[in-house]
Amino acid sequence: MSVIQRLKEYSKVIFNESVKEWKDSGGNVVGYSCVTTPPEILLAADILPYRIRALGNPNTEMADACLARFNCSFARSCLQLGLDGTYDFLDGIVETNGCDHLRGMFENWQYNRPLKFFHYLKVPHQTNDDALKYYIGELLLYKQAVEAHFEVEITEDRLERAFEMEEKVSAVLRETYEIRRDENPRISGEEALCFYLLSTAMHPQKFLLFAGEALEEVKSRAPLEYRARIMLCGAATDEIDLLSEIEGLGGLIVSDALCFGSRAFFTTPVRVDDRIEILARRVLDGILCPRMYEEFPKRLNFILDEVESAKVDGVILVCNKFCDLHGVDNVQIRLSLEERGIPALQLEKDYGSGADVGRIRTRVQAFLERIESRIR
Amino acid sequence: MEAGIVLEKGGLFDRVSRLFAVIDSLPDELSDEEVKGLTFVLPPDARSSIEAMLIPRLREGSLAFMRMLSSWLKKAQETAESGGKTILVPFCFPPELVHAFDGAFPVTSEVLSTLGVVALEGRGERYYDMALGLGLPDYICSANAVEVGSMLGSDDFKPQGIISAAAGSCNINAKTHEILAFYHRIPMFVLEKPVDNSERGKEQYRKNYSRLVGELEEFIGEELTEEKLRRTCEKVNRANELLAELWDLHKAIPDPVPNLFSLFTYGVRFSMWGTDEAIECMNVLVDVSKRRLKEGAYPAREELARCLLTYTSYYFDLAGMFNWTEERGYTYLGDGLDLIFPVMIDTSSRDSMLDGMAEQSWNMPMTRQVGGESMSMCWLEDILWAAKELKADCAIYSGHHSCKQTWSVVSILRKELMKRAEIPLLVLQGDSWLSRTTPITAVQKEILDFIGNVVAQKKKGKRKIRKRLSSTAEFNA
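Top line first, the protein sequences correspond to chains A and B. Just so you know, we're using our numbering here: the first sequence kicks off at 1 and counts up by one. Just so you know, we're using our numbering here: the second sequence kicks off at 1 and counts up by one.
Looking at chain A on its own, in the form it has when it is part of the complex:
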């Protein structure tokens, strides 16, 4: 099996071998769901940060008794895995107010199957100075809560080491993305997603070794063939199969603006003296999520820059049914892209639903033909 194949297999498992080894050696694992949760604080406490995912799990029976069918199926899917014991390896969880659905997911999780450590990190929706000061205060409370519960002191040295590790991880992910957006891409969107998924479900040191090997293999391969270069934007998309479907039709994903993707690591942190402030600035200045109500121009500019530099032929704006934030934001983006003559497809889907595949395939196929008719 090639390294890339191994990486893909590895990233399809929630409680993977690396996490098992960490647990077996007595290590703690804390889950979080949103890119506004800086993993450095957990790493500095020698805790493995784990980004909660559902990996396209379509079963939501237990979650549906808590959340409603009007809640996003990604949130329901994650809750299901929390309630059915899949996430029992977590020693704690950090909630953030990413969106209304995730807030509901966390409350139901903690109400029905509480974890020993639970902390609510409140993230502002604005980026002004008051918001920055408030968020710095929140990060300090988060740090104190971790220190108190896990009886560990997060010293400056430990924090610095965690910063270094995370910066290396981000650098590798950025390199992966550079290869993907190359004129002759050697890595698919599906594979790049696997890189990201693994980077948030494995200790950084292990990930760097694994990813290093995988990247070497990627660089030596022949360029991939495609019909059109696609940028994928939108909601929480950790469904490897979805990207594989799109690429199977010839739409190679050469760039993205996804929170399971570039939105998590593209921002280069501003260097100031205080490390907590660096984290706060990285999140507030760099976040490209529609939960930030005054930052639409920033989100749009990021996409426009990517369309140009990655030579994107068309943009797919994906969104899970009932996702309020992306459901509306995608309209604004679509209108703005169409105004500039950039083809855009708004693709609403049910998370992880196999029944949705045929419809998605038809819509993507039609979109690719639309793009091709322009290229011809």
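Since the hints were made in silico from the structure, they are not lab data. Heads up, a few of these hints could be off.
As the list claims (entries may be wrong) - Below, computed lysine to aspartate or glutamate pairings styled on EDC-like, alpha-carbon distance capped at 16 Å: (1) A:Lys311 - A:Asp130; (2) B:Lys75 - B:Asp276; (3) B:Lys251 - B:Glu303; (4) B:Lys290 - B:Glu60; (5) A:Lys298 - A:Asp182; (6) A:Lys321 - A:Asp350; (7) A:Lys311 - A:Glu213; (8) B:Lys207 - A:Asp64; (9) B:Lys290 - B:Glu226; (10) B:Lys202 - A:Asp130; (11) B:Lys207 - A:Glu17; (12) B:Lys207 - B:Glu303; (13) B:Lys459 - B:Glu302; (14) B:Lys391 - B:Glu422; (15) A:Lys133 - B:Glu199; (16) A:Lys321 - B:Glu327; (17) A:Lys133 - B:Glu203; (18) A:Lys206 - A:Asp350.
Starting from the structure of chain A, add chain B where the hints point.
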């Protein structure tokens, strides 16, 4: 439907304003014959709403409410025509801050949507469809989408500015206002509510509120002086007293406050609080209720169930929801939007007034509950408090389908209400503003079954379980 039809008839705001202009020419006391004549000229959908509001026991309060709304719509237009700034606000933002300015006037998104649903032919649904036509998803909140759809899709009245006060408490509300601002290039001012009930959170909110005041002063081009604030805050305080009085009246058994007054109360709160018109209207609602208390008036022979609605109601059929329930002896004690928690503002200085206004804003429905640190617990605490205060027998969740926050924690609310106060909760499904989702007859059937099978049985007391005798004892006996 041809696009021309809509354009010809204009947008929601314009059409509702024209209809409400008629209200001013009506006499103070309408006879039954005059009501019949008035409703005869109305389109069927508007007729059913007006008929529901003008039945004899509601007529005085309804006319006062409609006059207040007529004045609200007229003043909004006059402000725009005279070069002032009309500012679109959500229901969770206390409009008195905008009323305090001479050159600005608030128009409330959800109040306009409700007026469209209640008063216009087709119940405003054509405007909702306009929003969907733009590509907006079918799960956006109709409370905003009816009005915003009209502004996006028709040649309707447009505000000059938007205050987005749901950042922190409701994603879809905040996003709907954001797209309106984007589409028409209207400046938007964000008031964020931190999901933090600690002193830090409150302090942050005060800062956010204060920043908003500065931004509005700059936008409107007018200083918000101490005198202007005091003028408004004194009126707010008076209206708050009347609100508290109405709340106390609800405690009587049977409840003398007609069911529909619940909607009127927050209709006033969300549009004209801080003005003379609000005080006038609230005075009438209180006077009518006091009179009914004295007379022992109640629409049914007996008050069978005291129901507290935990969030929104159904607004597309006023007769079918509000009047139908009270005529069967089911009192509508109020709903989540009545949970306003009025703050008496200290008018001694500019700072004290702004602090009071910020605190009031923090306490607004939705903001205080699902904008709180824990959506389920903040909501639960308020419902428990209200249920105990008003001696509720049961609670009903209307299940407005776009309300993802309440939907996501209603299972916790149901369990905890039963556990802590033995209050059963009926969970309905429907759209509070759109009649196309769940028919009112289906809602009525659910309520009938719930009250008949659950509430009535509960009121009878705990079922006695007969001690089972052993077969030998039974034989010997």
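Verification of the supplied hints:
| no. | hint | in the structure |
| --- | --- | --- |
| 1 | A:Lys311 - A:Asp130 | 38 Å, violated |
| 2 | B:Lys75 - B:Asp276 | 13 Å, holds |
| 3 | B:Lys251 - B:Glu303 | 13 Å, holds |
| 4 | B:Lys290 - B:Glu60 | 13 Å, holds |
| 5 | A:Lys298 - A:Asp182 | 24 Å, violated |
| 6 | A:Lys321 - A:Asp350 | 5 Å, holds |
| 7 | A:Lys311 - A:Glu213 | 28 Å, violated |
| 8 | B:Lys207 - A:Asp64 | 39 Å, violated |
| 9 | B:Lys290 - B:Glu226 | 36 Å, violated |
| 10 | B:Lys202 - A:Asp130 | 13 Å, holds |
| 11 | B:Lys207 - A:Glu17 | 48 Å, violated |
| 12 | B:Lys207 - B:Glu303 | 47 Å, violated |
| 13 | B:Lys459 - B:Glu302 | 14 Å, holds |
| 14 | B:Lys391 - B:Glu422 | 12 Å, holds |
| 15 | A:Lys133 - B:Glu199 | 15 Å, holds |
| 16 | A:Lys321 - B:Glu327 | 40 Å, violated |
| 17 | A:Lys133 - B:Glu203 | 12 Å, holds |
| 18 | A:Lys206 - A:Asp350 | 34 Å, violated |
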